[in-house]
Structure formats: C-alpha cells, structure tokens
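Counting from 1, one number per residue, gives the positions in the sequence shown under this note's numbering.
Honestly, the hints are just simulated from the structure, not real lab data.
We put the CB at the ideal spot given by N, CA and C, even for glycine.
Each hint should be verified, as a subset may be incorrect.
What the hints assert, rightly or not - Label-pair distances were calculated between CB atoms; the ranges are:
no.	residue 1	residue 2	range
1	His70	Gly134	17 to 25 Å
2	Leu65	Pro126	17 to 25 Å
3	Val24	Asp112	48 to 56 Å
4	Pro50	Arg99	26 to 34 Å
5	Pro64	Asp112	17 to 25 Å
6	Ser28	Glu140	29 to 37 Å
7	Asp83	Ala33	45 to 53 Å
8	Gly86	Asp133	39 to 47 Å
9	Gly44	Pro126	24 to 32 Å
10	His25	Ala110	40 to 48 Å
11	Gly134	Ala33	39 to 47 Å
12	Lys79	Val24	21 to 29 Å
13	Thr114	Glu67	13 to 21 Å
Claimed, not checked - Pairs of lysine to aspartate or glutamate residues, derived as EDC-like cross-links and limited to a Cα-Cα distance of at most 16 Å, are as follows:
no.	residue 1	residue 2
14	Lys79	Glu67
15	Lys79	Glu115
16	Lys79	Asp117
17	Lys79	Glu120
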Amino acid sequence: MHDDGALVEKRIDRFVRERLRPAVHRASVPLRAGAGIPEAVAEGCRLNLPLCSVTGVRAARVDPLIEVDHPAVVVEAVKLVEDHSGDLIVRLYEAHGSRVRARVIRHFAATDVTETDLLERPLAAPRAPFAADGSALTLELRPFQQVTLRFARR
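Let the hints inform the model, and build the full structure from the sequences given.
Given below as structure tokens:
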C-alpha cells in the first residue's frame with residue numbers, strides 16, 4: 001500500500017459517486033433596488049413567514065397577544081414555556097442595527113415578567129433593562145440584541 005494520496009482520492013471519489021446524489025435546490029431571493037435595512041427585514045418576514053388564514057372562525061378580528069411600538073423591534077416568537085407552567089415566552093430582537101427604546105404591550109393577564117436566556121432560564125442580571133407599567137413595559141435594546149421575556153400567568 002502506498003501513501004501518495006491516490007488511494008484516498010479514489011475512495012473519496014467512489015464515496016461521492018455512490019452516496020451523494022445530485023439534488024435540485026430551489027431558493028427564493030427577493031431583490032428590491034434601494035432597500036435599506038428596515039425594508040430588507042420586512043421583505044424577509046414577508047418571504048419566510050407568510051400570512052396564514054384560518055377558516056371556520058366566527059370572530060372578525062383576533063387581537064394580538066403582544067404589540068411593539070417601534071418598527072425596529074421584531075417579535076420573533078410567542079409560545080408557551082417548555083416547563084408546562086402555562087407561562088408565556090415572548091422572544092424579540094432589534095433588527096435595524098441601532099439602539100432603541102420600545103414599549104411592549106401585552107393583551108393578556110400576567111402577574112410578573114422576567115428576562116430569560118434562550119433555554120428559558122431566568123437571568124441573574126437582565127441584559128435588556130426594562131421598566132414595567134401596568135400592561136406595558138419599556139425595553140432598551142442594543143443593535144441586533146435578542147431578548148426573551150417570560151410572562152407569569154398564575
């Protein structure tokens with residue numbers, strides 16, 4: 001057996017031919033001339049998160065659980081906590097690359113709010129300072145900062 005690399009190359013070639021079949025990949029890429037960061041973020045949301053319609057619902061309008069008053073802050077997820085406590089997780093981020101102050105308004109009953117990490121564990125020291133005022137809280141976010149909030153609903 002020789003070690004000039006030829007044997008290894010032949011094995012790799014055979015592996016590629018036998019195991020890795022060529023596949024067709026399709027990608028949708030929107031192109032907007034003159035778009036800035038806000039327009040690019042909005043276009044990405046429209047492309048990757050299309051609106052879903054629900055049939056068989058009698059209510060003409062469904063109010064959102066969470067509203068944010070700043071266009072640079074995007075609500076990425078609203079979901080129940082993984083520990084089955086009934087608490088709600090709201091994950092949001094600053095998308096325009098600037099420091100912002102935004103009001104997050106909740107439209108559901110909650111007794112407390114804490115900042116958590118991505119695994120939904122409470123943080124010892126919050127990374128995004130916030131002040132709660134009734135059903136609203138004011139967040140201060142750094143550029144592209146992601147924040148996960150846990151709303152206790154007990």
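Hint numbers not upheld by this structure, sorted from lowest to highest: 8, 12
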